[in-house]
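*Asks:* Chain by chain, the residues run as shown.
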Amino acid sequence: MPLLQATGVTKQFGGLRALSNVDLTVEEGEIVGVIGPNGAGKTTFFNCLTGMETRTSGEILFRGAPLPTRPDRVTVAGVARTFQNIRLFHNMTVLENVLVGTHPRSRAGVLSAIGRGPRYKREERKAESTSRELLSFVKLDGLRGELAKSLSYGDQRRLEIARALATDPGLLLLDEPTAGMNASETAGAIALVKAIRARGIGIVLIEHDMRFVFGLCDRVAVLVHGEKMVEGSPAQVQSDERVISAYLGRPAE
Amino acid sequence: MIPMLQRALRIQHTWNLPLRTCQAMAAAAFVLEVVGTNLAWATYTGFPGLMSLSFYPAGARSYVLALSVALALVAVRFTRRRQAGIWASLASFALTLQTLIAISRDGGGLVNVSAGAWITLLGTILGIIAFVALPDDGAPLPSSWPRLPRVLDGLAVVAGIGAAMLLLVYGLSVDPANQFVGLVIALIGGLAALNRLGLFAWLGALYARQQGLSLALIGLAAISFPFTQNGESYWLRVGANVGVLAAAAIGLNVVVGLAGLLDLGYIAFFGVGAYVAALYGNAGLGPSRGHIPFLLIVPLGALVSGLIGVIIGAPTLRLRGDYLAIVTLGFGEIFRIVVNTYDGFTGGPNGLANIPDLAFGSFNFGLPHKVFGITLQGFANYYWAELVLIAIVVFVFSRLDRSRIGRAWVAIREDELAAAAMGINTVAYKLLAFGIGASVAGGSGTIQAHVATQVSPDSFVFMQSVLLLAAVVLGGMGTVPGALVGAAILYAVPEKLRAFSDYRLLIFGVLLILVMRFRPEGMIASKRRQREFHDTEASGSDALSAPPGFAGAVP
Ligand SMILES: Nc1ncnc2c1ncn2[C@@H]1O[C@H](COP(=O)(O)OP(=O)(O)OP(=O)(O)O)[C@@H](O)[C@H]1O
Ligand SMILES: [Mg+2]
Numbered sequence: 000m001p002l003l004q005a006t007g008v009t010k011q012f013g014g015l016r017a018l019s020n021v022d023l024t025v026e027e028g029e030i031v032g033v034i035g036p037n038g039a040g041k042t043t044f045f046n047c048l049t050g051m052e053t054r055t056s057g058e059i060l061f062r063g064a065p066l067p068t069r070p071d072r073v074t075v076a077g078v079a080r081t082f083q084n085i086r087l088f089h090n091m092t093v094l095e096n097v098l099v100g101t102h103p104r105s106r107a108g109v110l111s112a113i114g115r116g117p118r119y120k121r122e123e124r125k126a127e128s129t130s131r132e133l134l135s136f137v138k139l140d141g142l143r144g145e146l147a148k149s150l151s152y153g154d155q156r157r158l159e160i161a162r163a164l165a166t167d168p169g170l171l172l173l174d175e176p177t178a179g180m181n182a183s184e185t186a187g188a189i190a191l192v193k194a195i196r197a198r199g200i201g202i203v204l205i206e207h208d209m210r211f212v213f214g215l216c217d218r219v220a221v222l223v224h225g226e227k228m229v230e231g232s233p234a235q236v237q238s239d240e241r242v243i244s245a246y247l248g249r250p251a252e
Numbered sequence: 000m001i002p003m004l005q006r007a008l009r010i011q012h013t014w015n016l017p018l019r020t021c022q023a024m025a026a027a028a029f030v031l032e033v034v035g036t037n038l039a040w041a042t043y044t045g046f047p048g049l050m051s052l053s054f055y056p057a058g059a060r061s062y063v064l065a066l067s068v069a070l071a072l073v074a075v076r077f078t079r080r081r082q083a084g085i086w087a088s089l090a091s092f093a094l095t096l097q098t099l100i101a102i103s104r105d106g107g108g109l110v111n112v113s114a115g116a117w118i119t120l121l122g123t124i125l126g127i128i129a130f131v132a133l134p135d136d137g138a139p140l141p142s143s144w145p146r147l148p149r150v151l152d153g154l155a156v157v158a159g160i161g162a163a164m165l166l167l168v169y170g171l172s173v174d175p176a177n178q179f180v181g182l183v184i185a186l187i188g189g190l191a192a193l194n195r196l197g198l199f200a201w202l203g204a205l206y207a208r209q210q211g212l213s214l215a216l217i218g219l220a221a222i223s224f225p226f227t228q229n230g231e232s233y234w235l236r237v238g239a240n241v242g243v244l245a246a247a248a249i250g251l252n253v254v255v256g257l258a259g260l261l262d263l264g265y266i267a268f269f270g271v272g273a274y275v276a277a278l279y280g281n282a283g284l285g286p287s288r289g290h291i292p293f294l295l296i297v298p299l300g301a302l303v304s305g306l307i308g309v310i311i312g313a314p315t316l317r318l319r320g321d322y323l324a325i326v327t328l329g330f331g332e333i334f335r336i337v338v339n340t341y342d343g344f345t346g347g348p349n350g351l352a353n354i355p356d357l358a359f360g361s362f363n364f365g366l367p368h369k370v371f372g373i374t375l376q377g378f379a380n381y382y383w384a385e386l387v388l389i390a391i392v393v394f395v396f397s398r399l400d401r402s403r404i405g406r407a408w409v410a411i412r413e414d415e416l417a418a419a420a421m422g423i424n425t426v427a428y429k430l431l432a433f434g435i436g437a438s439v440a441g442g443s444g445t446i447q448a449h450v451a452t453q454v455s456p457d458s459f460v461f462m463q464s465v466l467l468l469a470a471v472v473l474g475g476m477g478t479v480p481g482a483l484v485g486a487a488i489l490y491a492v493p494e495k496l497r498a499f500s501d502y503r504l505l506i507f508g509v510l511l512i513l514v515m516r517f518r519p520e521g522m523i524a525s526k527r528r529q530r531e532f533h534d535t536e537a538s539g540s541d542a543l544s545a546p547p548g549f550a551g552a553v554p
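Just so you know, the sequences run in chain order A and B.
The numbers in numbering that gives the first Met the number 0 rise by one with no breaks, and the one at position 15 of the first sequence is 14.
The numbers in numbering that gives the first Met the number 0 rise by one with no breaks, and the one at position 8 of the second sequence is 7.
There is no bait here: all hints are sound.
Quick list of simulated restraints, FRET-style, between CB atoms:
hint	chain 1	residue 1	chain 2	residue 2	range
1	A	Y152	B	T340	53 to 63 angstroms
2	B	L302	A	P36	54 to 64 angstroms
3	B	I391	A	R106	17 to 27 angstroms
4	A	V109	B	P134	55 to 65 angstroms
5	A	G199	B	P148	47 to 57 angstroms
Examples of chain A residues toward chain B, derived with CB under 10 angstroms:
hint	residue
6	T81
7	A112
8	G114
These aren't lab readings, by the way, just hints derived from the structure by calculation.
Every residue gets a Cβ at the ideal spot worked out from N, C-alpha and C, and that includes glycine.
Extracted from the complex, chain B is given alone in its bound form (with noise of 0.2 angstroms):
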């Protein structure tokens, strides 16, 4: 299967039908699929997406639609770039036949599907075809894409940033399972297609020429998220859980994405600093009954972390090869195993509860409060906490990252015998990384103490510390954007999937293997990272070489 995309994908093929053919099939796969989708797909109501009237394409035949679009436009005014051709007509193909299967069983057979599934089916069929016949010159490709006038560059960043805030809310409101991961088929699909235009390309130096623009803008979407919840506090809560993580999975990135240091047992720092924020934050359950102040706690939970941090790193870390991620392994037990034990201390296996909401003076952070005349719930104030948190924790990693201490990291990374050798003490800048690593996890627990209200052992378990280097890895190590990417998809998609949460671990594994092999730098890589695993490949392709997103983008 593998084998197979990937000749569809990037090896030349041998078919090269007359481009006239090809277009001529494209053209037929376009009305097919144009027809399909006015027509119902399924002849019973109550499937999501209302598929069983007649012209009126929504939900998944909306998507299919979209695609069907973009792949006529390839085949009429882009036809040397006939991946994205593949891939769009690859998703729809998918697309409609995830549905057609959903269809079916949820209907009770086949006979509940209608002929435009069908039709739309062989639209797509005829669609793989035509691209993969496509001739291809080989030749490399001219950027298509203009350079904009100042003023449209900014307009631009705007409008991409808007168009990618306004697709994020969709998603989130898109309901049943069915339907979400026929979204998630679509726009696999889709950006691939995008990315094989150069669509992203050009984003990127857009977003690189308009730095500051692209960052307020960024953030600017990311604080007004909570207004557009109207008042409901479900994606809140997972935006305030996902915030925390994506916190903690910068800090990770640090670890093993600048040093290159193999920490298996983060989570347990994170735990750590939750459980600071609980025994002595204003929940005041340790024995001492204290109540220090959340702004101070979040610090000393950093603070408490990094130092345990450096106790288990430094005779640790004077080692070579991999003993690092053996030792944090077992640390992330210990942790687990004596928290479980001084159930005197801890709360033990029931861990401890009721943590009250953090209030300033009378603004209490659970309740809700109203802005500009729209109902926010408490999670939001959580959630631009974490907004604050990630803000500094992004700032201090971007300006360690292009400094001498960065250099120092990466140097480490390569060659830790060479980087002695230019004078670098190892140990010390390994400890450095790995104390910063567990601070910005301890910082980023003492908030998860209270938007979970509680903390036990059971949160800080090995695979949760798999899941943020999973999160890591896949959105790009070494980047700020690729930690929150990563974490965001990691932690907030699975929300969306609940159906399926039986098999999250095995499509988080085979997420991960796809990932490794047709973009082993992640997501959103870093350009060294970028060069690293491509820079061998011909340049001239465009297979997999346009960098996307904002890479870089964020200082």
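Okay, chain A solo, but in the shape it has when bound (with noise of 0.2 angstroms):
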């Protein structure tokens, strides 16, 4: 069973068909990427596919099982993602914002916050001994304290996935992660995403990047018009004669 299958997902902004019947499917432990020119529907199928846009049509089902189409369901059901525009909570620490992230897996209620209890306290003890541990995973861990905001673009992008990896996905949406990065921020990024990868969890991603997108990728599909012009290995994709003429052949973003 496919981790994620998505079918003829369409999405119609009053007259502008932001997305036509796109299909893709991601295997467990896979990495796929998906390209194309702006304004090509990319943002808008990770909007559809967890719940901030709702699709005009289309199914998608996740482990087997319909994706629930409210973002909070989407996250506990198993499906993270980053935002193309970082969204942190900028005026909470880099701590906080991963122990925000550990939310969907804890459960105390109003009556046990108050009342504390050993099962409350068990329960932060772990969200913050997680939460320490996804930030060395990403390397932020001698940041813990500051202000999400003060932080520089690459470390705001680190942190936003340990914060999506904090609500303990099976699959993992990263919209641009390397957006804004120097070449060894870059560098970083595709030693980080294989880890995910490692710690068993799917990848779709969007990007610029070329290199980065076939260097890493199991898998890349191509958007044009919101359409999805050609999917295969990136060996495959890299020749087609459509993408070289549709994408590639423009000058590079």
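Got two chains here, separate frames each, mind docking them using the hints?
*Replies:* Dropping the structure here:
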């Protein structure tokens, strides 16, 4: 059974068909790249998967079951994401940001938060140790107490990934994880994505950095004008005539 | 005016006179102020503070004298804290000028102002010049406050809280409005100067180290307040009125400060609680003539208010944006109109009067009682009942604040969509915050009905919601002490300024603007808010970055 199976995903914005009949399958432990020119509908596809936009039609199965259509339930079900324009909790500390990520994997309610019994304390301790572990996983352990907004751009992207990982996802959607990064940070991002896969998490990533995509992904899908033009291994996609003329032929972003 | 002040207080100036010159000017200012305050200020008797007597610096003159000592100290010992000096000298100037104007107005002209006032005014002007011109090498200041050994640490906490208590009792006893305004000016200047000297940062750290002791002492001070009133009821009545509003303010703080929801009809929830108590409490003014015991009425009022909150919030909170503000605004009006209309049930515009005092067995809340030989008026009992309520609310607030739930609220405030992407059911959590806020208001309202002995729709109008919101913003969003201080200032100070009651809203407006400009995180800020507003400023400068009071001391 594939990890994610999206079929016929369509999104209509008034007169604009941002997505038409897009299919995408992600197998367990796979890294899938989604590329395409600006405005092709890549982010919209993520939004439809995660319930941030209501899709016009299409079916999305996660581990064989229909994926909920509300953002928080999608995350609870096991699909986490990052945002193209970073959306951290700016005035919370780095550690607090990741702690918020543990929310769906803990269940203390009002009464147990007020009573603070042993169960509550155990849960809090576990959330904190998970968060600390994830921060050292993304190499931010030195910045735990800093406010998220005071971090550098690259660090913010990594914090967003740690926060998404804290929700304990089976599938992680990364929207342009290297945007705004310099060469060495990008190299670090490659290692990070591989390490995430090593944890048994499937990954879909949107990228404009071709070397990053073709070097990392098992499979690449090309979106143009809301339609999936080609899908295949990096080698197949790179040599496809249509892709070269529609996309790669243009000057790089 | 504001940019001028700002320049004087924050931006590097260009005068840079030699240190010695400035110190000489400050010394001259000090001498002039000491001499001036020891001479008569008024030609006629009758002005508060015995202004016509020489060598008797009471009232406003004593405040100037105290400020002049602070000023001299800065000039001699802490020359690199020029902003402390600027604050002290500005305050003594404003204070002298205000008193001078009041004397001439009360006496019928400037001829009634004696030499002492003019000499002092001259001194204060010289003082301002001295500190504005003081060279500022801009280097970060080493903390000049020592870290005390443990025993002294505790004593310092005791002394600090004791001093605050004495100041409060003294402030309440200062009678004529003129002199009280003078005291407020002196306090603002003096406290700002002490803040610039780093005192509050030091005290804040102290309280944080001695959290248990501080909390116990603050509690003790609050409990013992009625004993300072010499059997009089005036300030106890005010205290009882402030207490319920302070509890409500903490509830509003969950809604506004933590979850970031704007509730413009909050006072209506308070009103719901008050009507529940009036209709079904010991007053039994409802059609059923029911008598539900008070200890059940408080949770009942909280429950009814909370339910109404959930009913209003459930459809509204699904929407993004500020719809809640508009809906709550509407709810506040609807509440008032409904209460006005159904007069068979609610008493209509006349409200419900003659709500009896609470009584447990033979103990009647409304009667004076003798404790340790000191007569306490009835309001003391309500005041203490409210302290219990506040203690419960504070406990719940601080536990929730620092939990998975508090984090979810703050995350929603920061970025709702990202919070949803973290698996937070944003609608449910917003509803929870809104419902808790409404319940706290309802619970406080039940006590209010007995304190006021009557309920009427006029007490629960939009303006009251705005004032409560102002209390939270002024005191500091997201903190317990902030909400308490804000409520105390907004509701107790006007009692002192009845002479200016026509300008009450104007004064609040100006105060709010000033706080928003100079201290946007509120008077007692949460650590998070403080960093939110000031983290990007140069951390070396001491401008506005020293934490005040005992922020963060409450768990
Ligand atoms: N909420 C919306 N309402 C209307 N149109 C939208 C909305 N969101 C996206 N669009 C449109 O849908 C199209 C696809 O946008 P999308 O953001 O998915 O592109 P993208 O492939 O992510 O581009 P980029 O590489 O620039 O991030 C664009 O034409 C965009 O203007
Ligand atoms: Mg995009």
